[in-house]
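Protein chains: 2
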Amino acid sequence: MSRVLIKDIADHVEQEITLQGWVHRIRELGGINFVILRDRSGQAQLVYEGSVDVTLETVVSVSGRVQKNVKAPAGFELLVAETRVLATAAPDLPVPVNQDPKNFGIEAILDNRLISLRNPKIRSIFTLQSEICRYFAEYLHNQDFTEIKTSKLIGSGTEGGTGLFEVEYFDTKVYLAQSPQFYKQAMVSSGMERVFEVGAAYRAEKHETPRHLNEYISLDVEMGFIEDEHDLMDLESGILSYMFARIQEEHSDILELWDARVPSPEDVARAPRIAHEEAKKIVSQRLGRRVFEINPEAERVICEWAMEEYGVDLVYINEFPRKKRPFYTYPKGLKTMSFDLIFRGLEITTGGRRINEYPMLLETLPRFGLTEEGLGGYTDIFKYGCPPHGGFAIGLERITQKILGLSNVKEASLFPRDRKRIKP
Amino acid sequence: MSRVLIKDIADHVEQEITLQGWVHRIRELGGINFVILRDRSGQAQLVYEGSVDVTLETVVSVSGRVQKNVKAPAGFELLVAETRVLATAAPDLPVPVNQDPKNFGIEAILDNRLISLRNPKIRSIFTLQSEICRYFAEYLHNQDFTEIKTSKLIGSGTEGGTGLFEVEYFDTKVYLAQSPQFYKQAMVSSGMERVFEVGAAYRAEKHETPRHLNEYISLDVEMGFIEDEHDLMDLESGILSYMFARIQEEHSDILELWDARVPSPEDVARAPRIAHEEAKKIVSQRLGRRVFEINPEAERVICEWAMEEYGVDLVYINEFPRKKRPFYTYPKGLKTMSFDLIFRGLEITTGGRRINEYPMLLETLPRFGLTEEGLGGYTDIFKYGCPPHGGFAIGLERITQKILGLSNVKEASLFPRDRKRIKP
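Quick note, the sequences are listed as chains E and C, same order. Positions 46 to 469 (this note's numbering) are the ones given, in order, by the first sequence. Positions 46 to 469 (this note's numbering) are the ones given, in order, by the second sequence.
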């Protein structure tokens with residue numbers, strides 16, 4: 046008998062069907078016993094007239110008749126006629142699967158990742174993350190962007206050698222890319238004009254904070270023929286509006302599970318754009334002392350301000366001073382055509398227009414202590430005609446974290462890597 | 046004046062418009078001069094009444110009136126009133142952009158990647174590749190698969206330590222993952238049941254062949270609750286039918302440029318499935334000598350056979366012997382529930398059902414000289430109830446190569462990595 050998914054059980058009332066999944070919960074009442082079965086689509090109650098001889102998490106194929114029962118989850122249950130064990134689970138589960146994950150700490154969740162992901166609430170983080178990637182790509186395809194896949198093994202860093210992981214590569218050494226910056230600019234210049242990439246990025250930094258990962262997924266965008274950073278903020282607002290609206294439409298169940306909400310398209314459209322200098326003033330005023338940079342505390346304060354003034358917890362900060370941005374950022378006087386996006390107190394995006402004119406780039410390098418040779422071919426992109434362009438990157442784990450209200454970004458990484466964690 | 050894309054020029058006859066792009070070709074006839082302008086959407090003829098003072102590949106913004114001209118590409122041209130240079134190109138182009146790429150060799154193409162990608166025919170390889178990824182994901186989302194992003198930094202290899210690149214990771218060493226095998230199995234077992242990943246895979250092998258890369262993109266699939274490898278071959282045929290049909294519908298222009306065709310859904314449905322033993326017999330017969338494995342020569346021969354017998358250049362080979370497959374492959378007597386897919390003489394997929402029962406896995410390990418401890422947590426997936434499952438991977442660069450008929454897989458990698466090539 047071919048398998049029926051649990052979500053479709055109501056279509057089979059009074060029919061004999063087969064369900065397959067994991068034993069999620071067992072309730073033994075003596076004569077009649079109940080098992081909650083879990084598959085990818087949901088959970089169903091199984092009724093056993095007699096004893097149930099399975100352990101939690103055992104994988105079974107059960108056949109029987111579907112009957113209505115107002116007391117069962119979703120109003121239906123399966124009266125089991127036959128149970129076939131597909132794979133027995135050992136009885137010593139390292140973490141319970143069928144409890145609210147707030148009952149155990151993040152270390153227990155991550156140390157036992159292979160089992161904790163079975164918890165439906167924890168797994169839902171990654172169902173949502175898959176959809177974030179999907180909506181990101183859908184929106185950009187509709188805007189004539191091309192997806193690229195670039196090498197993560199680079200001969201040298203465009204931003205100097207600090208923070209790079211070294212790889213033994215045959216008889217030489219290469220590094221894991223910190224971002225696809227170099228390559229996405231090259232692809233704009235190649236004539237693709239509009240590109241995006243969903244790929245891994247690596248930072249060899251000894252952070253131990255709830256906002257950093259040493260390996261993360263970067264949703265990268267680069268676009269040619271722009272005027273300034275406002276074109277990029279417009280694009281990002283378009284992406285976020287679409288992404289949030291689709292999440293609301295298709296995954297309100299996950300939002301409910303986490304007691305979360307996403308900004309509406311109207312909310313996103315109201316997100317203020319304030320200059321870095323102005324942002325510092327606002328934060329200084331609210332904190333009652335002068336701040337000199339937008340640090341994590343300031344990111345929280347500026348989002349509180351945006352919520353009060355604009356009713357949205359998204360703020361663009363633009364016009365960062367030149368010395369706070371990488372050499373390739375396009376200047377606007379002493380400022381730059383750059384921006385960050387802060388969402389619910391956390392920076393989720395950095396971006397800006399890049400220098401595209403070769404003479405301007407050559408003039409800029411020495412000011413940052415760089416040489417053309419030291420950049421390993423980077424300047425070739427500009428020597429032969431590169432249009433005005435810019436781009437940005439959204440941290441996938443960070444936006445996932447902030448949508449669901451997770452306390453640590455590591456919870457939004459399937460198999461997070463930090464200074465100490467290299468498995469599973 | 047806002048920019049018009051070249052593909053839309055016919056909508057603006059006798060109007061003043063602005064085009065932006067690269068100077069692709071210049072033809073000076075004295076009084077009247079012509080420039081072919083290239084943007085992401087196509088090429089257009091610009092008419093200058095007077096001299097043209099730009100170099101090839103310079104990026105310009107040109108304004109003027111659109112007029113009909115049956116002799117111009119697409120039947121229209123722009124009579125230029127104003128030219129604004131956005132970025133000047135140096136005159137010493139390392140490779141010509143406006144010539145047929147068959148005029149220069151693969152080394153010149155790859156050494157000058159940043160410029161050779163401007164060639165529209167070369168760039169079209171990566172437009173197609175972007176679409177292959179898109180159709181792959183679309184089909185699988187429609188079949189209820191979830192996209193995952195797994196770590197590429199692993200503590201040890203599931204298939205032993207050979208062929209792994211070593212990474213200095215703070216005070217320890219990790220390795221670049223050869224495949225997401227471990228993780229995609231973990232995600233099936235976690236209850237997601239059906240997952241896919243589009244990500245980098247690394248092989249530290251000293252190949253120098255037209256079919257190998259040291260870093261490539263793997264289109265990975267894993268599915269729970271299967272019976273045997275036929276479920277997987279059915280799924281792959283579904284993916285390929287969809288992918289090829291969408292390419293035919295939307296990108297026949299790229300196929301024409303490369304004088305290429307894709308198999309129809311009927312072709313894919315006819316792809317034979319032959320056992321490894323039978324495949325060796327067929328190849329032996331055709332070569333007139335006994336062969337002992339399906340090597341690259343045999344892959345070509347078996348595809349010739351399939352073309353003659355079934356009219357399709359796709360062949361599934363299944364039931365590989367146990368000693369030819371990794372330890373985790375599900376046994377079927379002395380054979381295994383495994384398969385390869387050969388497309389136009391090249392293996393593009395390896396897959397199979399995996400061992401899901403913990404006792405069977407424990408019994409298998411010593412036969413392959415492995416221990417549970419040595420696998421670094423791999424067996425935890427199975428200890429707590431893992432459904433029958435299997436999966437496969439399609440090499441993105443290989444399928445791109447074979448669709449377009451490229452002679453070397455490196456041509457289908459934006460920034461290929463081999464023993465000697467680590468830039469750009």
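Incorrect hints may have been included.
Which copy is meant is left open, so a pair is good if it fits within one copy or across any two.
[Stated by the list, open to error] Cut-off 30 angstroms, straight-line C-alpha distance, at most; resulting in silico cross-link-like pairs (DSSO-like, lysine-lysine): (1) 377 to 251; (2) 326 to 369; (3) 166 to 218; (4) 52 to 377; (5) 251 to 218; (6) 113 to 325; (7) 251 to 116; (8) 326 to 380.
It should be emphasised that the hints constitute simulated quantities derived from the structure, not laboratory data. Note that the structure is predicted; figures quoted are calculated from it, not measured.
Outcome of the hint check:
For the homomeric pair residue 377 and residue 251, neither the shortest alpha-carbon distance inside one copy (33 angstroms) nor that between copies (49 angstroms) is at most 30 angstroms. Taking identical chains as interchangeable, the C-alpha atoms of residue 326 and residue 369 lie at most 30 angstroms apart only when both belong to the same chain, with a minimum of 17 angstroms there against 68 angstroms between chains. Taking the shortest alpha-carbon separations for residue 166 and residue 218, neither the intra-copy value of 42 angstroms nor the inter-copy value of 33 angstroms comes in at or below 30 angstroms. Proximity of residue 52 and residue 377 under a CA criterion of 30 angstroms is satisfied in neither setting, with 56 angstroms inside one chain copy and 34 angstroms between copies.
Taking the closest pair of Cα atoms, residue 251 and residue 218 come within 30 angstroms of each other both inside a single copy (21 angstroms) and across two copies (16 angstroms). Taking CA atoms no more than 30 angstroms apart as the test, residue 113 paired with residue 325 passes in neither setting, with 62 angstroms inside one copy and 56 angstroms between copies. In this assembly of identical chains, the alpha carbons of residue 251 and residue 116 never lie at most 30 angstroms apart, being 52 angstroms within a copy and 63 angstroms across copies at closest. Taking the closest pair of Cα atoms, residue 326 and residue 380 come within 30 angstroms of each other only inside a single copy of the chain (16 angstroms); across copies the shortest separation is 72 angstroms, beyond that limit.
The structure does not agree with the numbered hints 1, 3, 4, 6, 7 stated previously, though it agrees with the rest.
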